[in-house]
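Student: Residues per chain are reported as follows:
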Amino acid sequence: AQSVSQHNHHVILSEAASLELGCNYSYGGTVNLFWYVQYPGQHLQLLLKYFSGDPLVKGIKGFEAEFIKSKFSFNLRKPSVQWSDTAEYFCAVNGLAGNMLTFGGGTRLMVKP
Amino acid sequence: GAGVSQSPRYKVAKRGQDVALRCDPISGHVSLFWYQQALGQGPEFLTYFQNEAQLDKSGLPSDRFFAERPEGSVSTLKIQRTQQEDSAVYLCASSRSRAGANVLTFGAGSRLTVL
Numbered sequence: 120a121q122s123v124s125q126h127n128h129h130v131i132l133s134e135a136a137s138l139e140l141g142c143n144y145s146y147g148g149t150v151n152l153f154w155y156v157q158y159p160g161q162h163l164q165l166l167l168k169y170f171s172g173d174p175l176v177k178g179i180k181g182f183e184a185e186f187i188k189s190k191f192s193f194n195l196r197k198p199s200v201q202w203s204d205t206a207e208y209f210c211a212v213n214g215l216a217g218n219m220l221t222f223g224g225g226t227r228l229m230v231k232p
Numbered sequence: 007g008a009g010v011s012q013s014p015r016y017k018v019a020k021r022g023q024d025v026a027l028r029c030d031p032i033s034g035h036v037s038l039f040w041y042q043q044a045l046g047q048g049p050e051f052l053t054y055f056q057n058e059a060q061l062d063k064s065g066l067p068s069d070r071f072f073a074e075r076p077e078g079s080v081s082t083l084k085i086q087r088t089q090q091e092d093s094a095v096y097l098c099a100s101s102r103s104r105a106g107a108n109v110l111t112f113g114a115g116s117r118l119t120v121l
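Just so you know, the sequences run in chain order A and B. Under this note's numbering, the letters of the first sequence match residues 120 to 232, in that order. Under this note's numbering, the letters of the second sequence match residues 7 to 121, in that order.
Hint data in this document are derived by calculation from the structure and do not stem from the laboratory. Model, not experiment: these values are computed from the prediction. Fair warning: there could be bad hints in the mix.
Unchecked claim - Quick partial rundown of chain A residues pointing at chain B, CB under 7 Å, derived from the structure:
1. G160
2. H162
3. L163
4. L165
5. A206
6. F209
7. M219
8. F222
9. G224
What the hints assert, rightly or not - With the C-beta cut set under 8 Å, the calculated list includes, among others, these residues of chain B facing chain A:
10. G48
11. Y54
12. F71
13. V109
Here a beta-carbon is modelled for each residue, glycine too, at the ideal position from N, C-alpha and C.
Could you put together the complete structure from these sequences and hints?
Tutor: Shown next, in the form of structure tokens:
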């Protein structure tokens, strides 16, 4: 079975601070990795994804994530957050042998103006 | 349509009532998923359809939960004899081809409150 762990449940930052959200997964095989974001009052949206190739992937709004296979990690980063980044962020993994996307518990980010 | 549409957006049910939640996926999308998201938690997988075939229902929490997609497009999630622990947001998602190969597009969800 696959599982996803997000270490920080709540993060509070000031604008312009740097962001790193941790994500670790457990799955023995090849995986696809995702970060989804849910802005207040909106539905889940894809932020970025990793299928193969360059382990450093860039997504929308200046976000990036690095896949480190040896650490089973896929941490999300942004060099300088904005107030509009206030949202809940979910890491997710799909093992190629299975059908379902497994989500972590989410990290609620609040950016103070 | 342009996105995944779910209805109703909000449903309040008395304990013991049956409810039906509808999902209209993006036109032509082969794969359809149902997820359950309890307050403060991440979405939990319920079931998966490829066209009209229900290929995985391992996440359905009890036999009170039933899902169908008879013509390979619209799907309905039915919960019989609702219990308070069923209170959650039920998310539907679809993707263009088979599961695992591409990105899921989510609907806004149906928030169920069982009193």
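Student: Can you name, in rising order, the numbers of the hints this structure does not satisfy?
Tutor: 1, 5, 12
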